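Enquirer: These protein sequence lines are chains A and B, in that order. 1 is the number of the first residue of the first sequence in my numbering; add one for each residue after it. 1 is the number of the first residue of the second sequence in my numbering; add one for each residue after it.
The set of hints was computed from the structure by calculation and includes no laboratory data. Treat the numbers as computed from the prediction; the structure is a model and nothing was measured. One should not assume that every hint holds.
Unchecked claim - Mimicking DSS-like on lysine-lysine, the simulated pairs with C-alpha atoms at most 30 Å apart in a straight line are:
| id | chain 1 | residue 1 | chain 2 | residue 2 |
| --- | --- | --- | --- | --- |
| 1 | B | Lys84 | B | Lys319 |
| 2 | B | Lys226 | B | Lys209 |
| 3 | B | Lys329 | B | Lys319 |
| 4 | A | Lys57 | B | Lys35 |
| 5 | B | Lys43 | B | Lys84 |
| 6 | A | Lys57 | B | Lys250 |
| 7 | B | Lys84 | B | Lys95 |
| 8 | B | Lys209 | B | Lys278 |
| 9 | B | Lys48 | B | Lys35 |
| 10 | B | Lys47 | A | Lys57 |
| 11 | A | Lys116 | B | Lys112 |
| 12 | B | Lys319 | B | Lys204 |
| 13 | B | Lys95 | B | Lys204 |
| 14 | B | Lys209 | A | Lys116 |
| 15 | A | Lys57 | B | Lys112 |
| 16 | B | Lys47 | B | Lys35 |
| 17 | B | Lys278 | A | Lys136 |
| 18 | B | Lys95 | B | Lys243 |
| 19 | B | Lys329 | B | Lys243 |
| 20 | B | Lys222 | B | Lys204 |
| 21 | A | Lys116 | A | Lys136 |
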Amino acid sequence: MSSRSMPSGYLRSVLHNGVGRYVCQLQRLTLKFCKERDGSRGMRELVESNLVDFANKNPGIAIYLQPRRHRAPKLYAEYLNGQVDSIDCSSYSSEEIRVWMEYLRTRSGNPIVRLKRQWHTTSPSVQGVWHPFLNKPSQLNITLLPNEELSRALAPPSATEELLRMAANMKLVGEEEDKSGRRE
Amino acid sequence: MAASVGRKAFSVFPTNLIKFYDYFAIRTIVPKGPKRWKFAVAKQLYKKREQAGPERERHRSEWVNWNYDAELFAFGQRLEERFKEETLRAAFTEKSFVERETEQLRSLGVVKEDGPVSQQHNGELAEQGRHVASRYVKGFLRYHYPALPEEAITALHDHLLSEAVLHHVASNLGLRDLIRCNELPASEETLVHAFLAVIGALVKDTGEKSAHVFVQDFVLTKLIGKEINELWTVRDPMGLLTKLLRGQGKEAPEARLLRQTGSGTVMAVFHIGVYSAKRLLGQAPGETLLIAEEMAARDALRRVFGTQEWRPPMQFGAKGRHVPIDLDKVNPTIEDYTSGRYRISI
């Protein structure tokens, strides 16, 4: 509920993973299970069917099997940055455990925290951060304030002014027509 | 009769009372409170555990789920590099470890015929790794900062190959558990040594090219997000700018006030521009005129040396693999620029 019980942090990667080459951050995966009890059945099925494929596809992960009599089945993951994480797989099906193994494989190893921002960048501004003098005419620096020109209200033209302007334009157009001798 | 009297006497309290309560349906349910003695016991146990001291430091290999050969293989595969097992084993073995082992075996009367001792530990590999990494780091930096003086290149190189930076890289690559040394936990120095030995092992097994790519991916990426001008600072920027302009045959720098606001107040801002022959070289704001002038000179130097904030980023990844680096080229020094031996666009 509070910020102390639910820590927050920024988006991070380990050693700029992916900028150079991508390194799978999962170092070791230990499958702990019981050979007898029913809760480990899913894990045992996984070991018999999918585990060798997983190991072949990910030669960079050292996979260990640790049978523990009458203990709950667990996935124990160790990451390159020293973080460890475990998932209790009691009564999970082999399909579910496979999903969790995939989750552990694709993690960065950084602690799970609420992200303060969903992005991270080392160059937040490319054109430069705005400051009040940006794009202001440098004439301002030698202008004595108050200045009559700058103090004038920037109001749009009133209806009267607009009509007068239109009339003046029409008058000019009319004069041009008279001169050319054409009538519409 | 006597028995029945005795029985009645003993059974007065529990059964008779319960019967009485049942008849009148009066029953109060009092929840059982916390056992107060539990807290006291736990506190004592905690105290004893604290007095006993922390758990002793254990190497990862002490746990049951450990296979050194598998770990070595996984290390190479994870980095997508083809190491030879003997070279990698040697890269992770410290000289002191080998010495202690041979001493132990000798005391037991066993003489091992494993090959020359120098090939069993990582001394030579680390030296070669450092040499290759050093050359490539400088070459990479020189390619991306062609106008930057050699002193700055050296400063950046020293930062990248410093123990602190290399230790951070090494501890996040999973080397700690693989190192065979006498100390526990492995010291910073040992970790850095092993990391450089891995680079050396790459040179030995796969060639210099893959070692260069490795250095680019793990060492040079440490510069991402780092401010170059913080890693190499000029003590007197205006002085250096003056010397540079003189050496390059340009007019002396002239500072002019561009913008100002709030002068005489706490929130004063002055923008000063540095000109040479009426051409703007650099500008910057500052709280006082002196600060603004220094910052403007620094801005001018950043533009001249190509270390501005908006410069194109360094090339890594797919592009970085094809960067044409000349390892023998050396950048001009500040002396070369200020004397006029080398041209710089200023």
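Enquirer: None of the hints should be skipped; say for each whether it holds.
Expert: Structure-based check of each hint:
no. : hint                : in the structure
1   : Lys84/B x Lys319/B  : holds, 28 Å
2   : Lys226/B x Lys209/B : holds, 26 Å
3   : Lys329/B x Lys319/B : holds, 21 Å
4   : Lys57/A x Lys35/B   : violated, 54 Å
5   : Lys43/B x Lys84/B   : violated, 55 Å
6   : Lys57/A x Lys250/B  : violated, 63 Å
7   : Lys84/B x Lys95/B   : holds, 20 Å
8   : Lys209/B x Lys278/B : violated, 48 Å
9   : Lys48/B x Lys35/B   : holds, 21 Å
10  : Lys47/B x Lys57/A   : violated, 49 Å
11  : Lys116/A x Lys112/B : violated, 58 Å
12  : Lys319/B x Lys204/B : holds, 25 Å
13  : Lys95/B x Lys204/B  : holds, 19 Å
14  : Lys209/B x Lys116/A : violated, 40 Å
15  : Lys57/A x Lys112/B  : violated, 38 Å
16  : Lys47/B x Lys35/B   : holds, 20 Å
17  : Lys278/B x Lys136/A : holds, 21 Å
18  : Lys95/B x Lys243/B  : violated, 51 Å
19  : Lys329/B x Lys243/B : holds, 25 Å
20  : Lys222/B x Lys204/B : holds, 25 Å
21  : Lys116/A x Lys136/A : violated, 35 Å
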